[in-house]
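S.K.: Chain residues, written in single-letter form:
Number of protein chains: 2
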Amino acid sequence: MSRAYEQLQPYLERVQAFQTARILFEWDNETLAPKEAGPNTSRMVGVLSAEYFSVITDPQVKKLVKECEGEDLGQVEKAIVRELAEEIEKLEKVPAQEYREFSQLVSEGTRIWADARKNKDFHSFAPTLKKLVEYTKKFASYRAKEGQKLYDVLLNDYEKGFDMETLDKFFDTLKSQLVPFLKKVTDSGTEIRDDFLTGDYSEKDQEAIGRIFAEYVGFDFDRGVMAVSAHPFTTNLHNKDVRITTSYNRHVDDSLFSVIHESGHAIYEMGIPDELTQTLVGGGASMGMHESQSRFFENIIGRNQAFWVPVYKKLQEQFPSQLGDVSMDDFVKAINKVEPSLIRTQADELTYSLHVLIRYEIEKMIIEEDLDVEKLPQIWADKYEEYLGVRPKDVAEGVLQDIHWSQGSFGYFPSYALGSAFGAQLYHYMKGQMDFEGLLRAGEIRTIREFLREHIHRYGKLKTSRQMLKEVTGEDFNPQYYVDYLVEKYGELYKIAI
Amino acid sequence: MSRAYEQLQPYLERVQAFQTARILFEWDNETLAPKEAGPNTSRMVGVLSAEYFSVITDPQVKKLVKECEGEDLGQVEKAIVRELAEEIEKLEKVPAQEYREFSQLVSEGTRIWADARKNKDFHSFAPTLKKLVEYTKKFASYRAKEGQKLYDVLLNDYEKGFDMETLDKFFDTLKSQLVPFLKKVTDSGTEIRDDFLTGDYSEKDQEAIGRIFAEYVGFDFDRGVMAVSAHPFTTNLHNKDVRITTSYNRHVDDSLFSVIHESGHAIYEMGIPDELTQTLVGGGASMGMHESQSRFFENIIGRNQAFWVPVYKKLQEQFPSQLGDVSMDDFVKAINKVEPSLIRTQADELTYSLHVLIRYEIEKMIIEEDLDVEKLPQIWADKYEEYLGVRPKDVAEGVLQDIHWSQGSFGYFPSYALGSAFGAQLYHYMKGQMDFEGLLRAGEIRTIREFLREHIHRYGKLKTSRQMLKEVTGEDFNPQYYVDYLVEKYGELYKIAI
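Residue numbers (this note's numbering), protein chains in the order written: chain A, 78 to 575; chain B, 78 to 575.
Simulated from the structure, these hints should not be mistaken for lab results.
Any given hint could be a false lead.
Note that the list lumps identical chains together, so a pair holds whenever it fits in one copy or between two copies.
Unchecked claim - Lysine to aspartate or glutamate pairs mimicking EDC-like chemistry, simulated, CA-CA at most 20 Å apart: (1) K410 x E514; (2) K112 x D297; (3) K547 x E521; (4) K452 x E185; (5) K214 x E446; (6) K508 x D459; (7) K566 x E474; (8) K214 x D282; (9) K112 x D331; (10) K410 x D272.
Put together the whole structure using the sequences plus the hints.
M.R.: Put into structure tokens, the structure is as follows:
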């Protein structure tokens with residue numbers, strides 16, 4: 078009789094195949110599928126999801142996982158069994174029938190949300206949102222360990238080891254230091270010109286330069302593709318098939334930095350070793366660690382003055398009439414311009430985490446304080462006014478702007494801010510190890526990328542984000558690096574005495 | 078206890094989901110997937126194929142199929158059970174282990190074939206081909222009914238009711254009439270100019286006009302997409318997601334007519350009713366019937382003088398410098414120019430079926446007469462010289478040109494010629510029912526398309542091609558219509574007294 082771990086392999090293979098198929102369907106749906114394909118295709122995806130569910134909750138799988146505990150497993154094998162055990166626990170605690178109802182609600186929910194956003198009518202979405210919250214809380218309660226708060230259960234799904242206790246401290250740090258700092262920036266009187274970033278930038282030219290920059294930062298087009306979708310995203314079938322999308326409008330920086338951002342995600346997935354890909358540990362460690370890499374490439378690398386030294390000429394050559402007369406310094410200032418705004422996905426680097434702070438505070442109220450969802454538009458608007466100094470004129474640019482809640486995703490948002498903070502902590506450490514800006518100026522992004530690959534990417538999900546951060550930087554998560562990075566960078570840009 | 082037919086549904090759903098996923102992976106692989114994705118992705122597709130196999134050969138499924146025989150089923154239900162029973166029979170008679178070996182061989186086979194073709198070296202492919210033939214014959218022998226010839230087993234997979242007896246007559250008709258007729262055409266002394274079809278036709282313009290013509294003949298872009306691949310093909314996930322590809326080169330007619338051809342396939346699949354799509358009978362009736370529709374749109378409609386009357390101007394507008402000075406008459410002559418050539422996929426309408434005739438004769442020798450595959454290059458070249466008057470200078474433009482045998486597909490080729498003959502028989506009948514050319518001249522393709530939808534498409538696989546042909550035209554398959562159509566059309570074009 079072979080070992081339990083070996084007997085698990087056919088199950089794991091099927092899990093992987095169903096997941097890979099689901100990812101491909103999703104990619105196809107976002108990038109290419111014809112308008113009317115939706116309902117018929119969804120039915121097939123539903124069957125594949127049910128197959129996935131039935132393998133994970135197969136009693137034989139559970140039995141084998143238990144038996145594996147008695148076996149002498151290697152590090153990778155252990156981690157795979159651990160991931161599988163967690164997935165079993167997550168799925169088996171929720172009754173299949175309730176999960177189906179919830180899935181159905183989610184699929185309707187995103188449609189109702191989209192309509193509500195279009196019509197700027199929160200009340201048509203509120204009853205659905207209320208039900209989504211109820212299911213979410215019920216499912217969290219099934220899974221909560223004794224004494225565990227429901228929101229902590231949800232947070233743990235996206236970022237292990239970051240519960241409310243940690244996140245309260247994190248967001249308090251941001252709130253207490255960045256909100257007053259932002260006020261100084263907006264009051265500084267420093268004017269930054271960025272009109273040249275908007276204009277007659279053809280889609281063809283934006284795509285051409287996007288490909289050049291994706292490749293320049295390390296996206297490997299032999300192992301990946303780039304396409305167009307309504308909202309940029311990254312996905313992958315495995316480490317040799319990693320896909321990014323972008324979208325094009327009149328603001329050239331939107332597509333340029335979305336491509337660099339998604340390339341950061343993609344480089345992470347391309348850096349997963351062959352031994353891990355197509356296994357349960359063959360992906361980025363967490364949402365936050367993923368976002369740390371994408372925002373690292375986008376902001377710490379891509380919006381760095383040194384980055385542009387060797388390549389600004391290339392951009393000018395692609396857009397001679399638009400940027401031929403714009404100096405590199407003016408360009409770099411423009412791409413770092415701070416402008417408190419209403420839409421998270423369009424936020425600048427400094428204000429970004431304040432958008433997330435607002436969502437964190439509201440999610441806590443929804444999950445832990447039974448907030449009446451009808452009050453959300455008001456609370457949302459008040460917080461934007463308080464932290465960012467701007468107030469949405471309607472729910473489309475307010476509480477309805479993000480898709481997440483309509484998909485039943487609560488606890489996801491904090492990862493966006495955590496990612497930026499992880500990145501800043503890594504950056505602080507890396508600057509002590511290498512001449513970071515010197516490398517950028519020399520066009521040596523490879524060295525930076527290899528550092529990230531060596532210390533982060535190659536571990537997949539073998540370690541948690543918090544573990545890796547500690548092992549790499551020698552220090553537990555410390556949000557102060559993030560605040561310091563922002564205050565230093567934007568203090569200089571806006572000439573603020575600190 | 079519910080009826081056996083109802084108990085079959087979850088199995089059928091899974092069959093459908095695995096097939097749909099496989100189709101999407103294949104589409105993605107041909108149109109988009111990055112260079113290095115192959116091996117990892119194949120592994121996942123292999124798992125999905127194994128799942129498909131295991132559902133079909135599940136003893137419970139077989140039991141339910143048997144029980145269905147005692148139930149009072151509707152026409153559609155009966156047809157679905159019949160298709161399932163046939164698939165079970167096909168898969169269960171071949172030992173799983175042998176089938177895996179064969180699949181492995183096929184996946185190596187296409188690679189070895191591609192290399193051999195590139196190197197113009199038949200001998201490096203011959204041993205693999207020999208093995209493929211052996212497996213094919215062995216599998217056919219497992220499935221043969223008493224006294225049934227092996228090649229008949231294979232032919233039946235692609236075209237029910239067309240065995241060697243029928244096909245011998247069909248191809249004899251072609252050989253005895255078209256070979257001498259072709260000689261008259263090539264000896265006629267009539268010169269047709271077609272140099273203007275080749276030149277600086279940009280990919281962008283070819284794509285634009287391709288989309289216009291696809292839509293013009295009836296391709297619905299709300300239910301389909303068009304992309305680029307090395308060789309044009311059509312595939313579909315269901316009736317609301319039908320996909321065609323084309324490729325672009327310096328010959329504008331190549332992409333134009335490949336788009337119209339694939340649109341014919343696509344219109345068939347878009348015409349499958351909602352009740353049938355996503356079931357085992359929710360596709361075209363057969364390979365031959367499918368090809369009848371694609372070649373009907375390409376040739377009987379698309380290369381018809383009347384077709385161009387309302388739309389030639391559009392083509393000229395897209396290509397003013399290339400076609401502005403070319404009259405419609407000269408253009409229509411050019412797209413119908415006869416030129417005996419070596420490559421089937423580039424053959425004109427008149428010589429096309431002779432390429433298929435050669436393959437049919439050779440396949441019969443391979444399967445029924447134990448032909449030594451080493452002799453193939455010689456036999457191939459001799460037949461081309463005899464029937465078409467041209468002789469390949471190497472195996473790349475000879476016996477190695479088609480992928481089919483390397484995929485273990487024997488018995489497929491005849492469908493290509495049958496399709497053209499089905500189309501001609503339909504055309505003959507339709508001309509008695511409607512002013513066919515008048516409709517084309519008036520741009521009323523819709524009426525023609527609706528006739529095909531009403532009499533062919535909407536039945537999916539509920540009837541065989543032969544049944545449908547008989548029911549629509551009131552007559553069994555009769556290849557003489559095909560010969561008459563060609564002789565009339567090309568006799569006129571080449572001014573041949575008949």
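S.K.: Take the hints in turn and mark each one as holding or not.
M.R.: Taking the hints in turn, this is what the structure says about them:
Proximity of K410 to E514 under the C-alpha cut-off of 20 Å is restricted to the intra-copy arrangement: shortest distance 17 Å within a copy versus 66 Å between copies. Taking the shortest Cα distances, K112 and D297 sit within 20 Å of each other only across copies (10 Å), while inside one copy they are farther apart (31 Å). Within a single copy, K547 and E521 get their C-alpha atoms no closer than 26 Å, and across copies no closer than 72 Å, so neither meets the 20 Å cut-off. In this assembly of identical chains, K452 and E185 lie within 20 Å of each other by CA distance neither inside one copy nor across copies; the values are 22 Å within and 63 Å between.
Taking identical chains as interchangeable, the C-alpha atoms of K214 and E446 lie at most 20 Å apart only when both belong to the same chain, with a minimum of 11 Å there against 71 Å between chains. In this assembly of identical chains, K508 and D459 lie within 20 Å of each other by CA distance neither inside one copy nor across copies; the values are 39 Å within and 73 Å between. For the identical chains of this complex, K566 and E474 are neighbours neither inside a copy (28 Å) nor across copies (65 Å), given an alpha-carbon limit of 20 Å. In this homomeric assembly, K214 and D282 never come within 20 Å of each other (Cα to Cα): the closest approach is 47 Å inside a single copy and 55 Å across copies.
Taking CA atoms no more than 20 Å apart as the test, K112 paired with D331 passes in neither setting, with 26 Å inside one copy and 28 Å between copies. Proximity of K410 to D272 under the C-alpha cut-off of 20 Å is restricted to the intra-copy arrangement: shortest distance 12 Å within a copy versus 56 Å between copies.
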